[in-house]
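Participant: Hey, can you work out the whole structure from these sequences and the hints?
Going by the working numbering, the sequence shown opens with residue 122, and the numbers climb by one from there.
Some clues are possibly wrong.
[Unchecked claim] Derived DSBU-like pairs (lysine-lysine); straight-line CA-CA distance at most 35 Å: (1) K250 to K135; (2) K178 to K235; (3) K235 to K255; (4) K135 to K235; (5) K235 to K250.
Hints were generated in silico from the structure; no laboratory data involved.
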Amino acid sequence: PSLLRKMDDDPPEKEVDDFYFKQLEKVRIGDPGPAVNHRCSLLCVSSFYGLTFVGCKEGVHIFQTALLGIKTNANSVAELSSVDHVTVPCASPPLHVSLSSDGLTLCVVCVRDKRLTCLFFDTRVVFSKELGTKEPFSSLPLAGNDA
Numbered sequence: 122p123s124l125l126r127k128m129d130d131d132p133p134e135k136e137v138d139d140f141y142f143k144q145l146e147k148v149r150i151g152d153p154g155p156a157v158n159h160r161c162s163l164l165c166v167s168s169f170y171g172l173t174f175v176g177c178k179e180g181v182h183i184f185q186t187a188l189l190g191i192k193t194n195a196n197s198v199a200e201l202s203s204v205d206h207v208t209v210p211c212a213s214p215p216l217h218v219s220l221s222s223d224g225l226t227l228c229v230v231c232v233r234d235k236r237l238t239c240l241f242f243d244t245r246v247v248f249s250k251e252l253g254t255k256e257p258f259s260s261l262p263l264a265g266n267d268a
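Facilitator: Have a look at this one:
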């Protein structure tokens with residue numbers, strides 16, 4: 122038996138003209154920094170642990186996702202400076218923040234010792250307030266990429 126399906130088995134394609142995204146909430150994490158002149162990804166979410174990771178100039182802020190849904194009123198911007206969060210400091214502002222597919226490993230790309238470096242953190246450890254330091258369990262300098 123073939124593992125590939127025949128084209129005849131595929132459902133018919135539909136045109137979807139009325140699909141749109143609706144903004145549910147505006148959230149300000151911190152003061153806006155200088156404009157970024159390159160593409161980067163500074164936001165990721167772990168559905169399994171209910172955490173949201175945001176790259177900021179101080180490092181990575183980690184919030185409980187449920188707290189982001191708190192609405193102040195319909196026309197205002199929610200300020201998260203007073204919301205309980207954990208900050209993972211980095212040597213420089215992060216250029217990229219991402220999670221592994223299982224949500225256990227947080228990867229932060231930043232400049233360290235004048236080189237682009239991937240820092241790897243255990244997501245369970247960095248959000249815990251009982252465990253003191255928020256040091257990466259591993260780091261990987263990106264070869265040939267002097268910052």
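Participant: Determine which of the earlier numbered hints do not hold for this structure and return their numbers in increasing order.
Facilitator: 1 and 4
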